[in-house]
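For the record, the sequence lines run as chains A and B. Counting in my numbering, the final residue of the first sequence is number 290, and the numbers go up one at a time with none missing. Counting in my numbering, the final residue of the second sequence is number 331, and the numbers go up one at a time with none missing.
What the hints contain is simulated information worked out from the structure, not anything from laboratory work. Treat the hints loosely; a few may be bogus.
To be verified - Quick partial rundown of chain A residues pointing at chain B, CB under 8 Å, derived from the structure:
{"#": "1", "residue": "Y7"}
{"#": "2", "residue": "L18"}
{"#": "3", "residue": "R39"}
{"#": "4", "residue": "D42"}
{"#": "5", "residue": "G142"}
{"#": "6", "residue": "I244"}
Unchecked claim - Derived DSS-like pairs: lysine-lysine, alpha-carbon spacing no greater than 30 Å straight-line:
{"#": "7", "chain 1": "B", "residue 1": "K89", "chain 2": "A", "residue 2": "K186"}
{"#": "8", "chain 1": "B", "residue 1": "K209", "chain 2": "A", "residue 2": "K280"}
{"#": "9", "chain 1": "B", "residue 1": "K209", "chain 2": "B", "residue 2": "K229"}
The model shown is predicted, which means the values in this text are computed figures rather than measured ones. Cβ coordinates follow ideal geometry from the N, Cα and C atoms, glycine included.
Residue strings, one per chain:
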Amino acid sequence: MNYSLVVGAVVFWLVAWATNEWLVRLNVENRTIGRSIDLVVPLLFGVSILVLWEGLVRGLNVSPILLPPPSMIWARILVSGSILWADFQQTFLKSVLVGFAFGCGSGFLVAIAVDRSPFLQRGLLPIGNFVSALPIVGVAPIMVMWFGFDWPSKVAVVVVMTFFPMLVNTVSGLAAASSMQKDLMRTYAGSYWQTLFALRLPAAAPFIFNALKINSTLALIGAIVAEFFGTPIVGMGFRISTEVGRMNVDLVWAEIAVAALAGTTFYGLIALIERKVTFWHPSVRG
Amino acid sequence: MKNSAEMKDGVFNRLYQGKALPVLMIVSIIIVAWYGFAVWLNAPWQVGVYERAEISDWTASQFVVDTLNQKRPVLPSAHQVFVEIWNTTVLKNPTSRRSLLYHAWITLSATGLGFAIGSILGILLAVGITHSRAMDKSTMPWIVASQTIPILAIAPMIIVVLNAIGISGVLPKALISTYLSFFPIAVGMVKGFRSPEQIQLDLMYTYGASKTQTFWKLRWFAALPYLFTSMKIAIAISLVGAIVGELPTGAVAGLGARLLSGSYYGQTVQIWSALFMAAALAATLVALVSLVERIVTRNLGAQIIGAQTKGAN
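From just these sequences and the hints, can you work out the full model?
In structure tokens form, the structure reads like this:
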């Protein structure tokens, strides 16, 4: 045991917390300084958590199998870069992106296809909502059986998982344009397709982006969990499940860090595109 | 609507305009498609069986019947799945390891325990965030960011590592459910605790109410609709967590274990029946939360306004 490390980490954490308390109480007139405080406070909190983690694990001699310190995980990321990159390619660039594109695309197209039939919509909406609450990841073993061990089976799982949120959100989004706006399109003698492209799809954009954001996380989860049911010897889910069995916990944490980074970046990119596309929406404008 | 103008009022019209008929129709389309695919996907195997048995005079109807009743079909037919569910629930002793109810109970207990801990922790964190500005500013961005990462990936590690230090059974799985249900509850409750309008908070202020009184008499009730909405998301995701948590220990018990052992031994009927059981469990749990929500809101005389959010995370 090394109590000085523990005490040091706890003191650092307390000081960081006190600094944050002081920072949020500041009355700043300047907007840029206010913004940077909003940025510094969570960053300081994050760093203090890492320091606390490192200090406690090293100071209390916690076995690295139970919880490796952050520095060890970072060292592992630097050493095993090629493994992590290969897994990232297999899981993210192949399974997630392809599945995401097909799942969201087909959900969107089906929503457009049933758009002219309120009867089909009334049938599909409750079913779509119902299916969204089900543990769809469970289809993974079936898909692995049908499409083999390699990435096509993961694509299939991701497609099934992302299809319904997209369908449900697009259908409700297409109903978002107000009757006043639709009447205006009628007075312009806009055809069905003109109304769709000029009014209703843009009005549905916030809903569609909501589905895209939900699906970005779901797709990553689906691909990783599907790999627990069988994969070739590469992929994030495969690495996590095998290395944890061999007690290489630092590599597992490195893999999780990569997955977290990939997920956040993916989500952030979609949010960025959303801001560009739905610039007219009150939540973006305000 | 154009359709309603064309049709006379009547039973058919009422059915057409309602929800039940369209839903029934979609469901029957799905079932028909299911049988179609079952015949199509199981056909190659069945042809092989006939060739090996040197049966050449099979008829189309016999062929269809045989494809729908294979022992290890590529896609089991609906009635096979339901017969399997019937056999493993009603006809088996619920305490036996062969009973699907036994496995569902294992999964359900982990789900329930994890959901309960996760809800309490989430509410506590939300209380802290609403009352401490420093906590709000420092943790809220991380909570939002944590929604974008595939937390489920951490499941095998929690299970195996806790097993290594001698903690096994229901708790490790429940911890995964806790972890998953924690975030939607925390985010929803922060929104809920902040939902009272300024004018309502001002009223509490003029009454000279303390922070605790404002919390219990105003904020808590204002947050209830948000609590139930996020609980519906959280309980569904808790179940997913418990099922995935059963995978890495190697098929021992639970619905996730049934999925895994089914995929090891090619028992497709077993996989599908576990899947349907999981779906039924999810539907029941969400319906249960909705029921509690209805009872509570009716007893409080409250209305649910603006707390319905689309989609689960």
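Going through the hints against the structure:
The restraint placing Y7/A at the interface with chain B is violated, with a minimum CB-CB distance near 23 Å, outside the 8 Å limit. Given hint, L18/A at the interface with chain B, is violated; its Cβ is 12 Å from that chain's nearest Cβ, farther than 8 Å. For R39/A, the interface hint is violated, the least distance from its beta-carbon to any beta-carbon of chain B being 12 Å, above 8 Å. Restraint check, D42/A versus chain B: the minimum CB separation of about 7 Å is within 8 Å; hint holds.
Below 8 Å, beta-carbon pairs count as interface contacts, and G142/A has one with chain B at about 5 Å; its hint therefore holds. Interface restraint check for I244/A: the shortest CB-CB distance to chain B comes to about 6 Å, inside 8 Å, so the restraint holds. The hinted pair formed by K89/B and K186/A fails the criterion: a straight-line CA distance of about 56 Å is larger than 30 Å. Proposed proximity of K209/B and K280/A is supported: the alpha carbons are some 26 Å apart, at most 30 Å.
With a C-alpha separation of about 18 Å, the suggested pairing of K209/B with K229/B holds against the 30 Å cut-off.
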